[in-house]
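Those protein sequence lines, which keep their order, are chains A and B.
Going by my numbering, the letters in the first sequence line up with residues 1 to 308, in that order.
Going by my numbering, the letters in the second sequence line up with residues 1 to 294, in that order.
Take these hints with a grain of salt, some might be off.
[Claimed, not checked] Some chain A residues well away from chain B (every beta-carbon gap over 10 Å; in silico):
#1 E63
#2 P201
#3 T259
[Claimed, not checked] Straight-line distance between alpha carbons at most 20 Å, and here's what the computed DMTMM-like set of lysine to aspartate or glutamate pairs gives:
#4 B/K211 / B/D182
#5 B/K281 / A/E117
#6 A/K112 / B/E7
#7 A/K220 / B/E7
#8 A/K118 / B/E200
#9 B/K119 / B/D182
#10 A/K209 / B/E200
#11 B/K119 / B/E200
#12 B/K204 / B/E186
#13 B/K293 / B/D182
#14 A/K220 / A/D206
#15 B/K281 / B/D182
#16 B/K211 / B/E188
#17 B/K211 / B/E200
#18 B/K119 / B/E186
None of these hints come from the bench; they were simulated from the model.
All C-beta atoms in this analysis are idealised placements derived from N, C-alpha and C, irrespective of residue type, glycine included.
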Amino acid sequence: MHAKGNVRRRILDSLNKPRWLTAVLIGPILTLFFSILLFPFLLEIYLSYTPWHPRLGDWWNAEFIGVENYVYLLTKDPRFLWSLARTGIFVIIVIFIEFGLGLLLATLFTRKFRFGEKRTIFTILLLPMMMMPIIVGYNFYMIFQPRGPLNYVLGLIIQQPVEINWLNEPLLAWIALIVTDVWHWTPFMFLILLSGLISLPQNPIDAAKVLGATSWQIFKGIQLPMLRNIIIIALVIRAMEAKNFFDELFIMTRGGPGTATENISMWTYQFGAVNVRIGFSSAGAIIILITTVLIISFAVRPIIRAMR
Amino acid sequence: MSEQFIEKKLGIFGYCVIILALIFTLFPIYWMISTSLKPQVDWIATPPVWIPERAVIENYQVLFMEVKKEYGTAGTEWIGGAFIPASGSILSSAITAGFGTLFSIIIGILAAFGISRHKMGGPSFPLMILMIRMIPPVVSIIPLIVLYSNLRLIDTYQGLIIAYTLFTAPYSIWMIKSFIDDVPRELEEVGIAEGLTQLEAHFKITLPLIKGGVIATALFLLILNWSEFLFALVLTHGNIVTIPVQETRYFTYSGVQYGPQAALGVVAIIPLFIFGFFIQKYLARGLTFGAIKR
Numbered sequence: 001m002h003a004k005g006n007v008r009r010r011i012l013d014s015l016n017k018p019r020w021l022t023a024v025l026i027g028p029i030l031t032l033f034f035s036i037l038l039f040p041f042l043l044e045i046y047l048s049y050t051p052w053h054p055r056l057g058d059w060w061n062a063e064f065i066g067v068e069n070y071v072y073l074l075t076k077d078p079r080f081l082w083s084l085a086r087t088g089i090f091v092i093i094v095i096f097i098e099f100g101l102g103l104l105l106a107t108l109f110t111r112k113f114r115f116g117e118k119r120t121i122f123t124i125l126l127l128p129m130m131m132m133p134i135i136v137g138y139n140f141y142m143i144f145q146p147r148g149p150l151n152y153v154l155g156l157i158i159q160q161p162v163e164i165n166w167l168n169e170p171l172l173a174w175i176a177l178i179v180t181d182v183w184h185w186t187p188f189m190f191l192i193l194l195s196g197l198i199s200l201p202q203n204p205i206d207a208a209k210v211l212g213a214t215s216w217q218i219f220k221g222i223q224l225p226m227l228r229n230i231i232i233i234a235l236v237i238r239a240m241e242a243k244n245f246f247d248e249l250f251i252m253t254r255g256g257p258g259t260a261t262e263n264i265s266m267w268t269y270q271f272g273a274v275n276v277r278i279g280f281s282s283a284g285a286i287i288i289l290i291t292t293v294l295i296i297s298f299a300v301r302p303i304i305r306a307m308r
Numbered sequence: 001m002s003e004q005f006i007e008k009k010l011g012i013f014g015y016c017v018i019i020l021a022l023i024f025t026l027f028p029i030y031w032m033i034s035t036s037l038k039p040q041v042d043w044i045a046t047p048p049v050w051i052p053e054r055a056v057i058e059n060y061q062v063l064f065m066e067v068k069k070e071y072g073t074a075g076t077e078w079i080g081g082a083f084i085p086a087s088g089s090i091l092s093s094a095i096t097a098g099f100g101t102l103f104s105i106i107i108g109i110l111a112a113f114g115i116s117r118h119k120m121g122g123p124s125f126p127l128m129i130l131m132i133r134m135i136p137p138v139v140s141i142i143p144l145i146v147l148y149s150n151l152r153l154i155d156t157y158q159g160l161i162i163a164y165t166l167f168t169a170p171y172s173i174w175m176i177k178s179f180i181d182d183v184p185r186e187l188e189e190v191g192i193a194e195g196l197t198q199l200e201a202h203f204k205i206t207l208p209l210i211k212g213g214v215i216a217t218a219l220f221l222l223i224l225n226w227s228e229f230l231f232a233l234v235l236t237h238g239n240i241v242t243i244p245v246q247e248t249r250y251f252t253y254s255g256v257q258y259g260p261q262a263a264l265g266v267v268a269i270i271p272l273f274i275f276g277f278f279i280q281k282y283l284a285r286g287l288t289f290g291a292i293k294r
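In isolation and in its complexed conformation, chain B is listed as follows (with noise of 0.2 Å):
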């Protein structure tokens, strides 16, 4: 067999693979589309309904609509009663990841700079921060609910957004320290030399060189937190209710509410996927850390 002909085999191979990736991969997501746009007969239907051709929008109605208690009303009764609408959770979710994000940026520009600059901490002091991201969340839920029915912490804000903000630390100072280190000490240096202090040698001369590389990670932390389940789910109780949460609400004694859990599935990633756009190529250094650069 000749090198080509195999090199020809591989093509219609790799070509049927990626078709399969791409059909594998959209799938889901196209079923969730479709199923926001469904009536409810058709949510499970047998045979499946491939393309809603009788398409709806009141699922995504119900969302931002203030539910009777009194069943019956017009087009409320499918969806079981007293729902909180959704639009609350968007706006939790808003809040709590917003300013979790804000803060791990401003605890993760700092303590990078410490790190890449001064080398605070000692040399194991950044594995420290690591460890933070290595030890199974649920190990660390038991004591905080504990620690914040103490501090009367549970279901508020507050609460959330500290717990946010250290669990995405360790993703923003790996991430941001890694951009710092690409810009050559000596411009600091300079900095120095003409005046500034330390402190403002960091932030007028290299925090604004690493701009687009703090804003992609504050967009990486906005994924994270705003897709974050399971402390919202175990440190709250119902007066605050973030996306993931209003979606295990979903679940409810008259059957599983497919329609509008789709929809909010669906205005819930809308911002996921423009970020993910935006910082497509921060992705792989986000991930691994700041490890892999490109």
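Chain A extracted, bound-state conformation (with noise of 0.2 Å):
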């Protein structure tokens, strides 16, 4: 009875809208679509079965060499495996480094301040977010440098002059990395639990503390649960952009020392549009594309459900 109903109403709906009137509302954002990202993306999946790079002449006519691609990178390519494996690494960390920060900012942020002015800490606290991530990445390059500020701290707290050379040795670069991004991203975290924090029903809380509940208990039982959806998006945001991980990695480190801080990104940019190899850097491109969405249709689910 009730799905007939909706039926009925969607009939309705369409007729009272004319054909023009969904043209120019949806119309211009369909056609970018199209033309802008799904023709080039149907482009790149034929691409991907050809050995095409622009001195061969035109893509139209580029041989046709089946998987070919796909199975030397599926299997003798550690390097691109190994880019896939550091995105997903990195994602992972950084975004666990993130939440648990920002949730311990949000949370001091909702007791009490018996100092500063907390609206203008608030907006200090998310400077980073608005900064362009290339000079992110330049501050910190400048940062890590073996003769930059940092060396020169740890210097001074042990004594003796520290050389390291942050971006030339993998894990360092890697610990580099992460910082970068802890730096640039951690406030988001804090935004986005803050606001949730905030927007949580005050009654069960007055409740539980009526009741003799310790803060802690409260937090854990009563605010966290609670918050669920509001995490669960920022997680999901924040690793959808933390796998795109690129401007910052350029400046840094490109990739190096050797191909140790390569994430999927890099990889694509240097086969893709360094080296052009368009058929061979395709065929990564869907990989790490497949993957993505694979991922994706798990991760968006709970935001969806979130959202509504």
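Dock chain to chain to rebuild the complex, using the hints, since each chain is given by itself in its own frame.
Right, dumping it as structure tokens:
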């Protein structure tokens, strides 16, 4: 009965809305979507079955080599597979650090402040989010130089000169990149979680207080579970952006030393835009896309549920 | 241990955490500003120059100077010769970010009305739009390079503006949709009963009510477009240079030009901080595609 009513209403609705209205309202975005996203995407699938390179003439005459690119990438190219793995590990590490720090700051902000102007501190803490990623990369590039301010401060602490070449050691370079991303995006987690905490209904919390619950119990038993949706939204969105990590990487290490900090963005940039091995890098991009879509289809479901 | 004692401990702990967070947040920004004021000998020095005592404005002058090709000209020898002055990149960024934002907002308003008021495109349409943002941009750049070279859009304003319009559209559509959803439909129905057409009802009744939201969305998109790097890097070859691409040019054969780089950084983030300050209360809504409304 209910479903039938829905169908009838939808038919009536569609009768009420003339076709030109649809064309005016969602025509522009559809045109852009099909011409700049969907068509290129189909082109990319086609190219991924060719060894095409601009030197080989027009792409529509490219030789068809089947799944050769895919087989090579997935079985004989550890460089590509490592870039996928590094991306995954990087995403997991940064979103958890950022979530932890963001939650800590957000909880502190819901308490009474005995010092300073809360509003001002809040504004300052949000500044990194507005920074241009390239400039963030430069700032940390300067800080992590062997003769930069960080090493100098470390030297003061241990009382002898420190000459760590942060960006030239694989593990240290990763630490530098993670610190950079944490600096840039912890404010995002902080902002989202704080707005979540503030909007929670106050009644259950007051009731628990009356019943003698400690603030830790309130936090763990009431506030965190009620924040669940917002936490999921924050984690998913941050993960979506962290997997595209590129700008700071470009400035700070360019994937180096060697290929030690190369993630999927840097790999695709190197093979697609620098070496212009279009066919080969297209296959890589399609694998990246399929992996992402698989992960998204799991990740998006809770976000949609949370948005409704 | 009494609850009060724990509270007091927590207070001290919280105090320390916030002080540390403030230092961590402000130091890189401070370092950029101070570097932009240092003469070349102080860019990298041991011990580091914490406070630029010999402050100069050379680094800023270089940004707006027509750099001569010959070496040895007073004040230019240390920037390694033939640079494009950064003032051009500021203009390029303003054009691409400005028009990209304008078109994205127009498309966003139209599509948001279609989705919010008419459920156009079906229930999965908004998700399809969200996917534009969720697929990695590197996946779309390879075919875009090919397509743009065939259409001669590489290194043109049009090319970058089209890309910026599409890739910020998910933000503008979802954000504006969230504002429209907040306005009761009944207001438009009243208008229609008084003889307005459907479209007129949208634009004459609802649009004025969400004006503030649309402006906030526009500033949010400006921040995104102004900072965009990947598309600007791969879809141009030196004719159009946006600020982020200009920044990469300070890695020269004669070393990294820290001073001018930092000076351009300071110039580039001033509008971002101003916009960011104005839309502070909309930031959460923007970044979560309208899911969080405060």
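Hint check:
no.: 1; hint: E63; in the structure: holds, 16 Å
no.: 2; hint: P201; in the structure: holds, 14 Å
no.: 3; hint: T259; in the structure: holds, 16 Å
no.: 4; hint: B/K211 / B/D182; in the structure: holds, 13 Å
no.: 5; hint: B/K281 / A/E117; in the structure: holds, 17 Å
no.: 6; hint: A/K112 / B/E7; in the structure: holds, 11 Å
no.: 7; hint: A/K220 / B/E7; in the structure: holds, 16 Å
no.: 8; hint: A/K118 / B/E200; in the structure: violated, 44 Å
no.: 9; hint: B/K119 / B/D182; in the structure: holds, 16 Å
no.: 10; hint: A/K209 / B/E200; in the structure: violated, 53 Å
no.: 11; hint: B/K119 / B/E200; in the structure: holds, 18 Å
no.: 12; hint: B/K204 / B/E186; in the structure: holds, 14 Å
no.: 13; hint: B/K293 / B/D182; in the structure: holds, 10 Å
no.: 14; hint: A/K220 / A/D206; in the structure: holds, 15 Å
no.: 15; hint: B/K281 / B/D182; in the structure: holds, 16 Å
no.: 16; hint: B/K211 / B/E188; in the structure: holds, 16 Å
no.: 17; hint: B/K211 / B/E200; in the structure: holds, 16 Å
no.: 18; hint: B/K119 / B/E186; in the structure: holds, 16 Å
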